[in-house]
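Each chain is listed here by its residues.
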Amino acid sequence: MRHTISVLVANEPGVLSRVSGLFSGRGFNIESLNVAETLDPSVSRMTLVTRGNDQIIEQTIKQLNKLVCVIKVADLTGSDYVGREMALIKVAAEASSRAEVLRIGEIFRGRVVDVSPKSYTMEITGDEEKIQAFINLLAPFGILEIVRTGKVAIARVKKEGSNSGGARGKNLDR
Amino acid sequence: MKKTGAEILIESLGHEGVDTVFGFPGGAVLKIYDALLNYSEELRHILVRHEQGAVHAADGYARSSGKVGVCLVTSGPGATNTVTGIATAYMDSIPLVILTGQVPTMLIGNDAFQEADIVGITRPCTKHNYLVKNVKDLAMTIKQAFYLARTGRPGPILVDLPKDVMADNAEFNYPSKIKLPSYNPTYVGHAGQVKRAAKLITNAEKPLIYAGGGVISSNASKELVALAQKFSIPVTTTLMGLGCFPGTNPLFLGMLGMHGTFQANMAVTHCDVLIAIGARFDDRVTGKVESFAPHSKKIHIDIDPTSISKNVIVDIPIVGDARNVLKNMLKVFEEEPAQDWAKMRADWLGRIAEWKEAYPLNYKSGSCIKPQFVVAKICEITGGDVIISTEVGQNQMWTAQFFTFTKPRTLLTSGGLGTMGYGFPAAIGAQVAFPEKTVIDIAGDGSFQMNIQELATAVQYNLPVKVAVLNNHCLGMVRQWQQLFCNQRYSQTIFEVVPDFVKLAEAYGAVGLRATKPEEVEPVIREALSIRRPVVMDFVIDRNEGVYPMVPAGAALSDMLLV
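Protein chains in written order, with the working numbering: chain A, 1 to 174; chain B, 1001 to 1563.
Note that these hints are calculated values from the structure, not bench results.
Just so you know, these numbers come straight off a predicted model, no measurement behind them.
Just to be clear, a hint being listed does not mean it is correct.
[Unchecked claim] Partner residues are not named here, just some residues of chain B that face chain A (Cβ under 7 Å, in silico):
no., residue
1, R1123
2, S1182
3, H1270
[Unchecked claim] No more than 20 Å apart at the CA atoms, straight line, and that leaves these computed lysine to any residue pairs for SDA-like:
no., chain 1, residue 1, chain 2, residue 2
4, B, K1179, A, N11
5, A, K66, B, P1185
6, A, K72, B, P1181
7, A, K66, B, N1311
8, B, K1133, A, V68
9, B, K1310, A, I56
C-beta atoms are modelled at their ideal positions from N, C-alpha and C, and glycine is treated no differently.
Looking at chain A on its own, in the form it has when it is part of the complex (with noise of 0.2 Å):
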């Protein structure tokens, strides 16, 4: 099953190699991984997406724990959370179709950020399967370039009287 783990590391040289690193060594797999820095200059937020049977992503789990760098690591899987992706895509768009691109846009929200003569360069948020979607129909126009970013996850907010327990911390005896 698929994963979006959540891991607050130090901000310092080293530490995206010691979590590759640690991926790759154990031969878990990674399919997404973003980094940037939080509120705090000193910490970096890591949101990884990756795929593993119970057994291995709690093995991934606190194998992320263990690492000295590592602040808190969170499943935001099976928890409430929002996730998102952003794609960079590069349309072509000729006379006879430019207004379709545009209009497709326009359903998905997305911005044009770049124009030539020839092609659109489109922007869209979104989970994975609405940026999937966006790309499926601009295909038939001609894509040139595609640059898209990992996942970015945030939990929800715990409401009053639910039980959507948001992100949960060091899980030391499971």
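Fit chain B to the known structure of chain A by using the hints.
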């Protein structure tokens, strides 16, 4: 007053209680070695002959004393030569601090002379590592390195020290506090889990303790013995755990696993509650995982959460320091009504005794020297009051089987990584830590040759280490596997040339002795023990001798080759 990086480094070591470093100089550590001359009173430097020897010696020092072992080497090849030693310590959770020189910060990344990205290279085989880029960070880095090495699950920490940082000046105040918000090892086991475990133990009919190196790292032997005695629970240990429970205690079954005793492996297979303490269900212990202790509920006490349910799913995990957890468990038991446990265990212990009687550890005597006989004789003559190190292979397994270890920290062996060449430098390190103790490396001719250059170190510092070479002129363990699993096709395991170890010892200024017949074994051992100098004993043994019992890799523990 401002001090140079080199001075700060050495004074920081002093603050950490370090009195000995094992090392080898070079260009990038010139400043440090120069400063060492001014601190010769406080810090002893042991000059090894190869950087791998320095790490293994620091490792042997750490295992035997429980302190953090420290070594100091130069950049590039000096640093890369330490990698095997670091990986060895990492696999066995040994606290080390490895100080490596590095090219000046402005040259890092330029493929400078003797440059290697040692922080990158050792990332997967250290608990953590550092590159110190500013002399102002040096003292705190050293403080953290020692703290990380010795706390939680111990391990090696590498600190890379660029040449210019060692020459730069800074105010020196050794920090008194550490800020490591992301590092919080769990020492106290979850009280509820401890109670659940205690209940399982009191209800068990056929319990078994499986203890590992963690019992030694956490100094939990006393508590382990108390638990086993109180409930009459038999104890088997891993290779790393040997010595954590007295080998002379009737409850001791010997080592389990691939070359474990018949009774230990049968007890694992038939027990109803398995209590794993400071052990990590290594493949050499479990054999085929599905058939490992198949009828048991499993309790697992370990300080490292990643060890739990990694290979074998357990029923009651307890994350914590073994000593702490056992202490708390013993407290829980105090509330239990007293029962005659010995009587209740009679059936189970009786069954184990039958297994032991059916297939005891054994070997056949002959006209050649049998390696098992040499090991047993060393044990008998010394009364077991020695520190033993081993190399890796048959010598290691015969030692595990035929030497009776009664105290923790008396066996130094590379269990996880299986590093040939470990034993001799480790023995040197142990001898440095305990100058008055007898330290013996039980070696094979293959392994001994891998770090034989350290004879010069032993002679230079007059460290009276003894080496017992079980010399079969071949790589015995690999040869044994080829005999069993490759139709006796002995590919590259026979040494056509083996040096004359007696002459070699003499060439280094040590003493060489040789035994070729069984009756010469005892006199050679006695003579070696009477000499206060390094001695190499060359025991010419039967090449065809194998290590048995044996569980072939991947087979169930109950499928043992018995002879």
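How the hints compare with the structure:
Taking 7 Å as the C-beta contact cut-off toward chain A, the hint placing R1123(B) at the interface holds, the least distance being around 5 Å. Interface hint status for S1182(B): upheld, as the beta-carbon distance to the closest one in chain A is roughly 4 Å, under 7 Å. Evaluation of the H1270(B) hint against chain A yields a violated restraint, the C-beta minimum of about 26 Å exceeding 7 Å. At roughly 15 Å between alpha-carbon atoms, K1179(B) and N11(A) fall within 20 Å of each other, so this suggested pair holds.
At roughly 9 Å between alpha-carbon atoms, K66(A) and P1185(B) fall within 20 Å of each other, so this suggested pair holds. Using a Cα cut-off of 20 Å, the hinted pair K72(A) and P1181(B) holds, with the two alpha carbons roughly 10 Å apart. Our distance criterion of 20 Å between C-alpha atoms is met by K66(A) and N1311(B), whose separation comes to about 17 Å. For the suggested pair K1133(B) and V68(A), the alpha carbons sit about 19 Å apart, so the restraint of at most 20 Å is met.
Between K1310(B) and I56(A), the direct Cα distance comes to roughly 9 Å. Compliance with the 20 Å bound is thereby established for this hinted pair.
Hint compliance for this structure: hint 3 is the single one not met.
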